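Line by line, the protein sequences are chains A and B.
Here our numbering is used: position 101 in the first sequence is 402, and no number is missing along the way.
Here our numbering is used: position 682 in the second sequence is 806, and no number is missing along the way.
Source of the hints: derived by calculation from the structure; they are not laboratory data.
Treat the hints loosely; a few may be bogus.
What the hints assert, rightly or not - Cβ-Cβ distance ranges computed for the label pairs, FRET-style: (1) I310(A) to F734(B): 14 to 24 Å; (2) V311(A) to T816(B): 43 to 53 Å; (3) L388(A) to V735(B): 46 to 56 Å; (4) V325(A) to I863(B): 18 to 28 Å; (5) L799(B) to V311(A): 49 to 59 Å; (6) S178(B) to V325(A): 42 to 52 Å; (7) I310(A) to L799(B): 25 to 35 Å.
Just so you know, these numbers come straight off a predicted model, no measurement behind them.
Here a beta-carbon is modelled for each residue, glycine too, at the ideal position from N, C-alpha and C.
These are the residues of each chain, in order.
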Amino acid sequence: MSPRALILIVATRGLYPLMLLVSVWLLLRGHNAPGGGFIGGMIAVAATSLLAVANGADRALARLPLGALRLAAAGVLLSLFSGVPALFMDLPYMTHLWMTLPLGFTELKLSTVLLFDIGVFAAVWGALGGFCAQAIAIDEETA
Amino acid sequence: MADTPTSSAPAAPPGAASRLGWLALLPLTLFALALVELSHGGLPATLTLPWIPSLGIDLRFALDGLALQFVLLITGIGTMVMIYAGGYMVGVAQRTRLFVLLLLFMVAMLGSVTSDNLIVLFLFWELTSLTSFMLVGFKHEYESARRSAQQTLMVTAGGGLVLLAGLILLGDIASTFTISGLLASSDQWRDDPRVPAAVVLLIIGAFTKSAQLPFHFWLPNAMAAPTPVSAYLHSATMVKLGVYLLARLDPAFDSYALWQQILVPVGAATAAWAMLLTLRERDLKRILAWSTVSALGTLVMLVGLSGVGAATALGAFLLAHALYKAPLFFVAGNIDHCTGSRNIDHVSGLAPRMPWTAAAAALAAISMAGMPFSLGFVAKDLIDIAKAEGGVLFWVSYSSVFVNAITVAVAGVAAIRVFWHRGGDAIPGEVHEAGWSMRLPPLLLAALGITLGILPWIANPLIEATALSVNPATDFKGLTQAVDHIHALGAIALAAVLGMIVFTFWDRLHRISERGLARIDPVSAIAWYERLLAAIPASAGAVTRRLQNGRLTTAATTVLVFVSVLVALSLWLGRPLPMPEMMAPSLAVAGASLALIIASIAVCVIRTPFVMLLISGFVGLGSALLFLFLAAPDLALTQFAVEVAFVVVIAAILLRMRHLGLNPVDEPPVLPRALIAIGTSAVLMTLLLTATSGPQGSTLADFFAQASYLEAHGRNVVNVILVDFRAVDTLGEIAVLAIALLAALPLLALLRQRKNGKDGLA
Numbered sequence: 302m303s304p305r306a307l308i309l310i311v312a313t314r315g316l317y318p319l320m321l322l323v324s325v326w327l328l329l330r331g332h333n334a335p336g337g338g339f340i341g342g343m344i345a346v347a348a349t350s351l352l353a354v355a356n357g358a359d360r361a362l363a364r365l366p367l368g369a370l371r372l373a374a375a376g377v378l379l380s381l382f383s384g385v386p387a388l389f390m391d392l393p394y395m396t397h398l399w400m401t402l403p404l405g406f407t408e409l410k411l412s413t414v415l416l417f418d419i420g421v422f423a424a425v426w427g428a429l430g431g432f433c434a435q436a437i438a439i440d441e442e443t444a
Numbered sequence: 125m126a127d128t129p130t131s132s133a134p135a136a137p138p139g140a141a142s143r144l145g146w147l148a149l150l151p152l153t154l155f156a157l158a159l160v161e162l163s164h165g166g167l168p169a170t171l172t173l174p175w176i177p178s179l180g181i182d183l184r185f186a187l188d189g190l191a192l193q194f195v196l197l198i199t200g201i202g203t204m205v206m207i208y209a210g211g212y213m214v215g216v217a218q219r220t221r222l223f224v225l226l227l228l229f230m231v232a233m234l235g236s237v238t239s240d241n242l243i244v245l246f247l248f249w250e251l252t253s254l255t256s257f258m259l260v261g262f263k264h265e266y267e268s269a270r271r272s273a274q275q276t277l278m279v280t281a282g283g284g285l286v287l288l289a290g291l292i293l294l295g296d297i298a299s300t301f302t303i304s305g306l307l308a309s310s311d312q313w314r315d316d317p318r319v320p321a322a323v324v325l326l327i328i329g330a331f332t333k334s335a336q337l338p339f340h341f342w343l344p345n346a347m348a349a350p351t352p353v354s355a356y357l358h359s360a361t362m363v364k365l366g367v368y369l370l371a372r373l374d375p376a377f378d379s380y381a382l383w384q385q386i387l388v389p390v391g392a393a394t395a396a397w398a399m400l401l402t403l404r405e406r407d408l409k410r411i412l413a414w415s416t417v418s419a420l421g422t423l424v425m426l427v428g429l430s431g432v433g434a435a436t437a438l439g440a441f442l443l444a445h446a447l448y449k450a451p452l453f454f455v456a457g458n459i460d461h462c463t464g465s466r467n468i469d470h471v472s473g474l475a476p477r478m479p480w481t482a483a484a485a486a487l488a489a490i491s492m493a494g495m496p497f498s499l500g501f502v503a504k505d506l507i508d509i510a511k512a513e514g515g516v517l518f519w520v521s522y523s524s525v526f527v528n529a530i531t532v533a534v535a536g537v538a539a540i541r542v543f544w545h546r547g548g549d550a551i552p553g554e555v556h557e558a559g560w561s562m563r564l565p566p567l568l569l570a571a572l573g574i575t576l577g578i579l580p581w582i583a584n585p586l587i588e589a590t591a592l593s594v595n596p597a598t599d600f601k602g603l604t605q606a607v608d609h610i611h612a613l614g615a616i617a618l619a620a621v622l623g624m625i626v627f628t629f630w631d632r633l634h635r636i637s638e639r640g641l642a643r644i645d646p647v648s649a650i651a652w653y654e655r656l657l658a659a660i661p662a663s664a665g666a667v668t669r670r671l672q673n674g675r676l677t678t679a680a681t682t683v684l685v686f687v688s689v690l691v692a693l694s695l696w697l698g699r700p701l702p703m704p705e706m707m708a709p710s711l712a713v714a715g716a717s718l719a720l721i722i723a724s725i726a727v728c729v730i731r732t733p734f735v736m737l738l739i740s741g742f743v744g745l746g747s748a749l750l751f752l753f754l755a756a757p758d759l760a761l762t763q764f765a766v767e768v769a770f771v772v773v774i775a776a777i778l779l780r781m782r783h784l785g786l787n788p789v790d791e792p793p794v795l796p797r798a799l800i801a802i803g804t805s806a807v808l809m810t811l812l813l814t815a816t817s818g819p820q821g822s823t824l825a826d827f828f829a830q831a832s833y834l835e836a837h838g839r840n841v842v843n844v845i846l847v848d849f850r851a852v853d854t855l856g857e858i859a860v861l862a863i864a865l866l867a868a869l870p871l872l873a874l875l876r877q878r879k880n881g882k883d884g885l886a
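Use the sequences and the hints to build the structure in full.
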């Protein structure tokens, strides 16, 4: 992969944010329609892989929020703690809690489930994204 | 064991004692409480705390006669050991650790003997093995101590595993884990066909703990421990735990043929064989250790004997042995402490320098030899009566003459040879008597052994309670010095005479036995143990080299063949294979399936790595398509995303390999692999057909469909299961993901670094 493919680089410029948007959309709709943290996370991994192929693994790794390892760890911790609030209400660990915020025109459902799913998303993105980018990196030309 | 450090404690000023010795007040208090319990006659006392009621495991403790005797031994000898260790361990580094471990051990022992639940008993039993391991390895800076500790642990903890199997089996047969309940209902379950297996397992467990043949070798090696430990664990208490367990279960098995057929011959053989091995030793502690093994053999034999007198003899001998063997170990410790050697060739004529220790040794030896006016005499008499009554095999009776003779000789060595004989090396001038904290315990215990011999009725309540809990039919007549059994008196006289002869010719017999036994060393139990120990890493290495040789093909073949054979077997042995109903698939499903089949065949034929990868990626995407048509959009999406990541990673690796000039597809024999592949697929297909053709339990599906929105506020059942119903599973999975990255990152970084370094050089 010596010379960077120009078309790929240009396309990636638009595709990368688009794929991330799709991944977040999948994450948020997941509770009622096909999607969810894992699938969303995998799409984000695909975006990171694309960026790594087009612009170099280090660029892709740098674009991961917090960096690969910390992102994965933060995801696991977020999921871990999403079950804690239930303990304060004398419910078993991981009993999910829901609340509804009225916004006038519509209402927003907030829940600890969403926190959990975001944690899954971050863990998948960080762990697999980091792994894919690093794997791609082993065959890169050194700068 | 030649390099056992003999001089274990540094010289300390006489009379100095560590303040840690005051810890003796703890066991002393318990001892007093146990005595009060005995005098009140409140036996059996019980205490129950619920623990795991669903498994029938409660922290249930019961104190009956047998348990009380052990409690008195543990706390009584424990008090003396603490006092003694206070003097013995002065100036030794880490001595606090020794005291902590001793107390921990004491708790474990008390728990073992008072537990009324098999599983709880096992837990405490294992705790005694662990503390014993740490105490034997106390002087861990010596390799020999570490080896002995390892041996102790391997034998006793290995036996513990066998015991656990036996206890679980027994509890299952009797359908209770409560010991008292199990003994009470023994008539109902004794004819169960699994009882022989349980009996054998239990006996093996007990034999490892109590150092019976062929597990006898660990006990003398455990003498690497400091003397207070040897006196406590390896003569008075822990090694008797196996005897305790056998005696505890004896009411259920007393007339059981297998029980007698194993316990009596093995006990008698151990008693005799250990005495023969005694002759070979020069180290006083090891001599005493072998005689302990022999005494344990006698105790095991007594448990096996079915007559009514055996239980009384067992109770009396337990007490007598503890009261003479512990002081003799203390004596050996004093000699070691004051002269720096325990070798009977180097130590002699110590009596003028150590009069108190010599007196203690003499009192203990009288009891050990079974001379009149000692508790040992009372016990020996009872043992002979029990043997006569139990109708033992003729060689068992003869072996006891041999055992008694050498016991007398060992008593002579410990009390006469080292203290009164002249000769051997000259004693250094500065040898002096040990401090009071080291003189008092052996003197007190040995004197108690004589006192109880002269006034045996003092021990009556204790021995009667013990005998009754081992054999409820015991007709206890009271201990007495008046021997009404003329044969027993003759046997004791004979033992005394033979013993004096053995004692006189000890050195010559030592040389003979040394020469004779050296010849059978290669087939001795210890040699087999060493071979087994060496075989473990060797066989593990061989298996690992074979299965984990670093070739992916080997690993894949192993896994696939193993799984296929396993699944095929269970399918074959299971219910007959049903024929699934055939339905015409929809056009889309048929098309996707056809594309999948074609692509799969293509992967097998093509040898160019990249094309192969792309087509296998196509297989994945085709599966995603199929899932979509089969109304599983979540699965399709996931499959799609995973496939992308998979292709990208493999492509990167393939590229790297090509740059390095490695050919990823080697040319193996195709036919065997093709057969494996076809076989595995056939088995998997059969499995799938079987799984889907049977009646589908729909309760789970119905539940999730129902509860998904009502309870978890989500319509996507798959996602709801992942994040809500099974959230903890998911949490575990993402944690694994993160940990996998943690492991992979340094490796990948290393690869990158190495490549950069290489490129830089080039």
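Verification of the supplied hints:
1. Judged by the Cβ atoms, the range 14 to 24 Å given for I310(A) and F734(B) holds: they are separated by roughly 22 Å.
2. At roughly 48 Å, the beta carbons of V311(A) and T816(B) sit within the given window of 43 to 53 Å.
3. A hinted range of 46 to 56 Å for the beta carbons of L388(A) and V735(B) is consistent with their spacing of about 55 Å.
4. For the pair V325(A) and I863(B), the supplied restraint of 18 to 28 Å holds, since their beta-carbon distance comes to about 26 Å.
5. L799(B) and V311(A) have their C-beta atoms about 50 Å apart, which keeps the hinted 49 to 59 Å range intact.
6. Look at S178(B) against V325(A): about 46 Å separates their beta carbons, and that is inside 42 to 52 Å.
7. Take I310(A) and L799(B): their Cβ atoms lie about 48 Å apart, and the range 25 to 35 Å is violated.
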